[in-house]
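Number of protein chains: 4
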Amino acid sequence: MKKVRIGIIGAGRIGKIHADNLLRNPQVEIVAVSDLYAGPELESWAAARNISLVTKDSNELIHHSDIDAIFICSSTDTHVPLISQAARAGKHIFCEKPISMEITQTQSAIDEVNKAGVKLQIGFNRRFDHNFKRVQEVVQSGGIGDPHIIKITSRDPNPPPIEYVKVSGGIFMDMMIHDFDMARFVSGSEVEEVYAVGNVLINPDFAQHCDVDTAVVTLRFANGALGVIDNSRQAVYGYDQRVEVFGNKGSVVVANDHPNTAVISTADSIVSDKPLHFFLERYQAAYVEETHMFIDAILNDKAVPVSGDDGVQAERIALAAKLSSRLGRPVKVSEALELLTQTSLS
Amino acid sequence: MKKVRIGIIGAGRIGKIHADNLLRNPQVEIVAVSDLYAGPELESWAAARNISLVTKDSNELIHHSDIDAIFICSSTDTHVPLISQAARAGKHIFCEKPISMEITQTQSAIDEVNKAGVKLQIGFNRRFDHNFKRVQEVVQSGGIGDPHIIKITSRDPNPPPIEYVKVSGGIFMDMMIHDFDMARFVSGSEVEEVYAVGNVLINPDFAQHCDVDTAVVTLRFANGALGVIDNSRQAVYGYDQRVEVFGNKGSVVVANDHPNTAVISTADSIVSDKPLHFFLERYQAAYVEETHMFIDAILNDKAVPVSGDDGVQAERIALAAKLSSRLGRPVKVSEALELLTQTSLS
Amino acid sequence: MKKVRIGIIGAGRIGKIHADNLLRNPQVEIVAVSDLYAGPELESWAAARNISLVTKDSNELIHHSDIDAIFICSSTDTHVPLISQAARAGKHIFCEKPISMEITQTQSAIDEVNKAGVKLQIGFNRRFDHNFKRVQEVVQSGGIGDPHIIKITSRDPNPPPIEYVKVSGGIFMDMMIHDFDMARFVSGSEVEEVYAVGNVLINPDFAQHCDVDTAVVTLRFANGALGVIDNSRQAVYGYDQRVEVFGNKGSVVVANDHPNTAVISTADSIVSDKPLHFFLERYQAAYVEETHMFIDAILNDKAVPVSGDDGVQAERIALAAKLSSRLGRPVKVSEALELLTQTSLS
Amino acid sequence: MKKVRIGIIGAGRIGKIHADNLLRNPQVEIVAVSDLYAGPELESWAAARNISLVTKDSNELIHHSDIDAIFICSSTDTHVPLISQAARAGKHIFCEKPISMEITQTQSAIDEVNKAGVKLQIGFNRRFDHNFKRVQEVVQSGGIGDPHIIKITSRDPNPPPIEYVKVSGGIFMDMMIHDFDMARFVSGSEVEEVYAVGNVLINPDFAQHCDVDTAVVTLRFANGALGVIDNSRQAVYGYDQRVEVFGNKGSVVVANDHPNTAVISTADSIVSDKPLHFFLERYQAAYVEETHMFIDAILNDKAVPVSGDDGVQAERIALAAKLSSRLGRPVKVSEALELLTQTSLS
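Chains as they are written, first to last, in full-length UniProt numbering: chain A, 1 to 346; chain B, 1 to 346; chain C, 1 to 346; chain D, 1 to 346.
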C-alpha cells in the first residue's frame with residue numbers, strides 16, 4: 001500500500017483538525033508541520049502524532065523531498081504565494097478557502113497549478129456534508145427535474161471577533177462564499193447575476209468596518225433558475241445550515257442536524273435540543289471526507305472533487321455580491337471585475 | 001332529495017355535538033330531542049336549531065311517526081332498553097359506546113336489532129379520524145404486508161371526575177374500549193387473548209374504586225399478530241393518541257395532531273405547541289364523518305361502518321382485560337364470560 | 001341576539017364558500033344573492049339555504065333596506081364601483097382581494113368608505129390560517145425579538161388557465177399579493193423597497209402575456225429587516241405555503257399542513273402523504289374565521305382585522321415588484337406610482 | 001500521560017471494531033491480540049496497527065506482564081472461564097454481552113471479579129448512544145417526573161443466520177437482552193415481573209429451534225412503572241431502535257437516526273431515506289464512547305458505567321421472559337432461577 005506523505009503549513013485550529021483526520025487514513029503519513037509560531041507546544045503536539053519535523057519555515061516543507069502534498073492552512077494572505085511555490089515544487093495542494101481576496105491573484109495561482117500539472121483542492125468542506133451531498137445527488141440524478149428555485153440558509157451561532165471582521169473581506173467573502181459554492185454545487189449551474197441587500201442589525205461595529213451582519217442575496221443562474229441565500233452572523237438558537245432545491249418534478253429539502261432525536265413533552269410545550277453547535281460539530285465527518293477524497297485523487301490520479309476553478313468562481317460571485325450591496329443594484333458576475341476597477345471597495 | 005328525520009335521546013355534551021354535526025348535513029332534519037332534565041335552556045337551544053319537539057320522555061321520540069332514526073346519547077345504563085324499544089319501533093339507531101356493561105344484555109339488544117332489520121351504528125368515532133383511517137387503509141391495501149405487531153398509545157390529558165370512575169366500569173371498559181376497537185379496526189383481525197397489567201400511579205382514589213389509572217395490555221390476534229395498548233389517565237402534555245402497525249413489508253405510524261406546525265427556536269431550545277387538547281378538538285371531523293356515514297347508510301341502504309357486533313367484540317375484549325388484570329394471568333377472550341361467573345368483579 | 005343581514009354579490013366559487021361559512025354563524029342571516037348569470041341553478045342553491053332573494057342586479061342588494069353588509073365576490077374590475085356604491089348606501093363591506101389593479105382607483109374606493117364611516121374588510125384569508133396566525137403572535141409578543149429576516153414560500157400545485165393569466169395582472173398582482181400582505185402581517189413593518197426577478201420555466205405561454213411563472217422577490221422593511229418571497233405557479237407535490245421569521249432572539253417557522261400524520265416505512269423508503277391539495281383545503285378554517293371576525297367587528301363595533309389600507313399597501317408593493325421585474329432594478333414602494341406613469345406596463 | 005495496555009481476546013468483527021476504536025484513544029496501547037484462528041491475515045491486520053503480539057493462546061495475554069486490561073470478544077461460552085482467569089491474573093476486563101447463558105455461572109464469574117478487585121465492564125453499547133443517553137439524562141434529572149410507562153421498540157433489519165439461532169439462547173437472550181438492559185437504564189428501576197408473548201411470523205425455521213422471531217414483553221418495575229418491549233427479527237425498512245418514557249410530568253421520546261435529513265417531495269409522495277442500516281452504523285459512536293469510558297475508569301479509578309451486576313440483571317430478566325413465553329404466564333424475575341430447575345428449557 002502506497003502512502004501519501006503530507007506537509008501541513010499553518011498549525012492553527014483547522015490545520016490541526018486536518019492533521020488528525022488525515023492520521024485516521026492508513027494511506028497517509030504526515031511528515032512535517034510548519035507554523036510561524038512553532039514552539040514547544042506544537043512540538044509536543046507533533047510528537048504525540050509521530051510527526052518528526054516541526055519548523056517555522058514553510059519552505060522546508062515545500063522543498064522537502066519526502067513530501068508529496070501540502071496542506072495550506074495558514075492565513076488567507078499567504079495562500080497565493082504558497083500555492084505558486086508548492087506548484088512549482090511539484091507538490092499536490094489542498095488549500096483552505098478563499099484562495100485570496102483578489103481574483104486576479106487567485107487566477108494567477110491557478111495558472112501556476114495548471115502549468116505544473118499538480119492537483120489543487122479547495123476546502124469547501126460543506127460539499128462533503130451528508131445532507132448537502134444528498135441534495136446534490138438528488139438534483140443531479142434528475143430526482144426533482146430541472147432546478148427552478150434554490151434556497152440556502154446559513155446563519156452562524158455567534159459573530160466573529162471584530163479583529164477578524166477587519167481583515168475578512170466582509171460577509172460575502174468570509175461567510176457567504178461557502179453558500180455561493182453550495183449554490184453552484186447543488187444547482188449544477190453557474191451564477192450569472194446577483195443582487196445583494198444587507199444591514200447591520202446585530203452589532204454596530206460591523207458598520208464601522210464597512211460590513212453588514214445580515215444579508216439576503218438573489219441569484220440568477222445560467223440555466224434559468226433563480227436563487228436566494230440568507231446569512232446572519234448570529235442565530236441565538238445555533239448553527240443554521242439548510243438547503244432547498246425546487247424543480248419541475250419536485251423538491252429536495254435538508255434540515256439541520258441535532259445532537260439527538262429526543263422530543264420532550266411537558267405541561268408547557270414540546271421541546272427538542274438545539275442544532276449541533278457550530279461548523280466543527282456539524283461538519284466533522286465532512287472534514288474527514290474531504291481529506292480522504294484528496295488522498296484518493298492523488299493515489300488513483302482522479303480529479304479532485306473541488307477544483308481551483310471552483311475557488312475562483314465562488315470568489316467572483318462574492319465580489320459581485322459585495323459590489324451589488326455597495327452600489328444598490330444587480331451586478332452581473334461577468335462585469336464584477338471591471339466594475340471593481342471603477343469602484344473603491346474598502 | 002330525501003331527508004333522514006332524527007330524534008336525539010340525551011342532550012348532554014355528546015348529544016348536542018351530534019345534533020350540530022347532523023345539522024350541517026342537508027339530508028338531515030332533526031325532529032325532536034328528549035332529555036330527563038329538559039327545561040327552558042334546552043328549549044332555547046332547540047329553538048335556535050328549529051327543532052320543534054322537546055320532551056322529557058324518550059318514548060315520544062321512539063314512537064314518533066315522523067322520525068326515521070334515533071341517536072341514543074343518554075347514560076350507558078339506558079342503552080340496552082332504548083335500543084330494544086327503538087328497534088321494535090322500526091327506527092334506525094346510532095348508539096354511543098359502550099352499549100352496556102354486561103355482554104349478555106348487549107347481545108340481547110343486538111338480537112332485537114337484527115330481528116327488526118333496522119340499522120345500528122356504534123359510536124366508535126376514532127375509526128373516522130383522518131390518521132387512523134389512513135392506517136387502516138394502508139394495512140388493508142397490503143401496504144405493509146401481514147401485520148405482525150400493533151401498538152396503540154392512548155392517554156388522556158386529565159383524569160375523569162371520581163364520580164364518573166365509580167360507574168364507568170373501569171379503565172378497560174370506559175377508556176381502553178376505544179383502543180380495543182382500534183386494534184380490531186387496524187389489524188383486520190380478532191383479538192383472542194389479552195394480558196393486562198395496571199397500576200395506580202396518578203391518584204390513589206382510583207384504587208378505592210377498584211380501578212387503575214395506568215395500564216398496559218398485551219394482545220394476541222387470530223392472525224398471529226401481537227399487540228400492545230398503553231393507557232394513562234393523565235398525560236400532562238395533552239391528549240396522546242397514536243397507532244403503529246408493523247408488518248412483513250413495512251410499517252405505518254401516525255402521530256398526534258397539533259394546533260399548528262410552528263417551531264420556535266430560541267437560545268434555550270426548539271419548541272412547538274402541545275397536541276390538540278382533548279377528544280372534542282382531536283376528533284371534531286371524525287364526529288362529523290361518523291354521522292354522515294350513518295345517514296348515508298340509511299339513505300342508500302348500505303352497511304353501517306361500525307356494527308352492533310363491533311360493539312360486542314370490544315366489550316368482550318374489555319371484559320377479558322379487566323379479568324386478566326384482577327387474576328394476574330392471561331385471559332382468552334373466549335373464556336371471559338364463563339370466567340366472569342366464577343369471579344366477583346366489583 | 002342581533003343578526004347581521006348579508007347580501008352576497010357574485011355567486012362563483014368563493015361567493016358560495018363565504019355563504020356556507022356565514023350560514024354556520026348563528027348571528028348571520030343571508031338575505032340575498034346577486035349574480036350576472038343568476039338562473040334556476042342559483043335559485044335552487046339559494047332555496048336550499050333559505051336565501052329568499054336571487055337577482056342579476058347587484059343594485060337590489062346594495063339598496064335593500066334589510067341588508068346590513070355586502071360581500072363583494074364578483075370579478076376584480078367591479079370591486080371599485082361596488083365598494084363606492086355600497087359605502088354610499090351605508091353598508092358594511094367585505095371585498096375579495098385585490099381591490100383593483102390601479103392603486104389610485106383603489107384609494108378612491110377607500111376614501112368613499114372612510115367618508116361613509118362603514119367597515120371594509122379585505123379578503124386576505126391567509127392571515128386567519130392557524131399556522132401564519134401563530135407566526136404573527138410569536139413575533140408580536142416578542143418571542144423572537146426584533147425581526148431580521150422574513151422568508152415566505154408560496155407555490156401553487158397547478159398554473160391557472162391562460163384565460164386567467166391574460167387579465168390577472170400578472171404573478172405579482174394575482175398570486176404574490178397574498179405574500180406581500182403576509183410579509184407586512186408577520187413582520188409588523190412596512191415594505192420600503194423590492195427587487196424582483198422572474199422567469200418563465202413552466203409554460204412559455206406566460207411569456208406571451210408578459211408574465212412569469214417563477215419569481216423571487218427581495219424586500220427591505222422599514223424596521224431594517226430583510227425579506228424574500230418565492231413563488232412558483234406549479235409545485236408538482238402540491239400546495240406549498242410556508243413562512244419563517246428570524247430575529248435576534250430566535251426564529252419561528254411553519255410548515256405545510258398534511259391530510260394526516262401517517263409515515264409509511266417500506267424496504268424502499270420512508271413515505272408520507274402530500275400536503276393538503278390547494279387553497280380550499282388548506283385555508284378552509286381560515287375562510288370561516290375571516291367571516292366570523294367581520295361579523296364580530298360589525299356587531300361589536302370593533303376594527304376589522306384586515307383594513308382597506310391593508311389592501312392598498314399590498315397593491316403598492318405588488319406594483320413595485322412588477323416594475324422592478326420589468327426594469328431590472330430595485331424599486332422603492334414610494335416611487336412605484338410615479339414610475340408607473342413613466343413606464344408602459346402591459 | 002499514562003497509557004492503558006490492552007490485550008484483545010477474539011478477533012472477530014466486534015473485536016476488530018473495539019481495537020480500532022481503542023487506537024483512536026491516545027491513552028491506549030494495544031499490546032496483543034489472540035484468536036483461535038490466528039493466521040497470516042490477522043498478523044497483517046495487527047502489523048498495520050503496530051500490535052506486536054499475535055497468538056492463538058488467550059493465556060499468553062492473560063498472563064502478559066505488560067497488559068493491564070483484557071477485552072473479551074470471543075464466543076459467549078468462553079466468557080465465564082476467561083473472566084475468571086483474567087480476574088485472578090489481576091487484569092481489568094471488558095466483556096461482551098451476555099456474560100453467559102447460565103446465571104449461576106455468570107454470578108460465579110462476577111464473584112471472582114469482586115474478589116480480585118479488578119474492574120469489569122459489560123458491552124451494553126446502547127447505553128452510550130446519543131439518543132438513549134439523552135432519555136436517561138432527562139428521566140434521571142426529573143424532567144418527566146416519576147416514570148409511569150416505558151416503551152422500547154427494537155427491530156433488526158434482517159434475521160441472523162440459522163446457525164446462530166441454534167446457539168444464541170433465543171430471542172430473549174440474544175436480542176431482547178439489550179432492551180432489558182435499556183429498560184433498567186432509562187427507568188432507573190429494577191424489573192420485577194415479565195410476561196412474554198412470541199410468535200414465528202417471519203421464518204418457520206425459528207420454530208424448529210424452539211425460538212420465535214416476533215415478541216412482545218410486558219414489564220412491571222419495582223417503582224410501580226409498567227413497560228413494554230417489542231422485538232422483530234426483520235424490519236424491512238431497516239434497523240428500528242426507539243425508546244419512550246412517560247411520566248407524571250411529561251414524556252421523552254427518541255426516534256431513529258437517518259443518514260441525512262433530506263426530504264424529497266414529488267408528484268407521488270414525500271420521501272426520506274431509511275434509517276441507518278444496522279448496529280455498526282447506528283452505534284458507531286456508542287462503541288467508541290464505551291471503550292473511552294472503560295479506559296477512563298481504569299486510569300482515574302472510577303466506577304465502570306456498566307457493571308458485572310448489570311450483566312447479571314439483564315440475564316435474569318431474559319431468563320424470566322423465556323420462561324414466561326414457554327409457560328404462557330407472567331413470571332417474577334425473582335422466581336426465574338427456581339422455576340428453571342423445574343422446567344426443561346431446550
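Do not rely on the hints blindly, as some may be mistaken.
Repeated chains share a single entry, so a pair holds when one copy, or any two copies, can fit it.
[Claimed, not checked] Below 25 Å or equal to it, Euclidean Cα-Cα: the simulated DSS-like pairs (lysine-lysine) are:
(1) LYS274 <-> LYS249
(2) LYS56 <-> LYS2
(3) LYS16 <-> LYS56
(4) LYS166 <-> LYS133
(5) LYS302 <-> LYS115
(6) LYS332 <-> LYS115
(7) LYS274 <-> LYS133
(8) LYS274 <-> LYS332
(9) LYS16 <-> LYS3
(10) LYS16 <-> LYS2
Think of the hints as simulated: they come from the structure by calculation, not from any bench.
Hints versus structure:
When the C-alpha separation of LYS274 and LYS249 is checked against a cutoff of 25 Å, the pair qualifies only between copies, where the shortest distance is 14 Å, while the shortest distance within a copy is 32 Å. For the identical chains of this complex, LYS56 and LYS2 are neighbours neither inside a copy (28 Å) nor across copies (30 Å), given an alpha-carbon limit of 25 Å. When the C-alpha separation of LYS16 and LYS56 is checked against a cutoff of 25 Å, the pair qualifies only within one copy, where the shortest distance is 15 Å, while the shortest distance between copies is 39 Å. Taking the closest pair of Cα atoms, LYS166 and LYS133 never come within 25 Å of each other, the shortest separation being 33 Å inside a single copy and 42 Å across copies.
Within a single copy, LYS302 and LYS115 get their C-alpha atoms as close as 18 Å, which meets the 25 Å cut-off; across copies the closest is 59 Å, which misses it. In the homo-oligomer, the alpha carbons of LYS332 and LYS115 never lie at most 25 Å apart, since the shortest distance is 29 Å inside one protomer and 50 Å across protomers. Taking identical chains as interchangeable, the C-alpha atoms of LYS274 and LYS133 lie at most 25 Å apart whether they share a chain (23 Å) or sit on different chains (16 Å). When the C-alpha separation of LYS274 and LYS332 is checked against a cutoff of 25 Å, the pair qualifies neither within a copy, at 38 Å, nor between copies, at 38 Å.
Taking identical chains as interchangeable, the C-alpha atoms of LYS16 and LYS3 lie at most 25 Å apart whether they share a chain (20 Å) or sit on different chains (22 Å). For a Cα distance limit of 25 Å, the shortest separation of LYS16 from LYS2 qualifies both inside one copy, at 23 Å, and across copies, at 23 Å.
In this structure, the earlier hints numbered 2, 4, 6 and 8 are contradicted, and the remaining ones agree with it.
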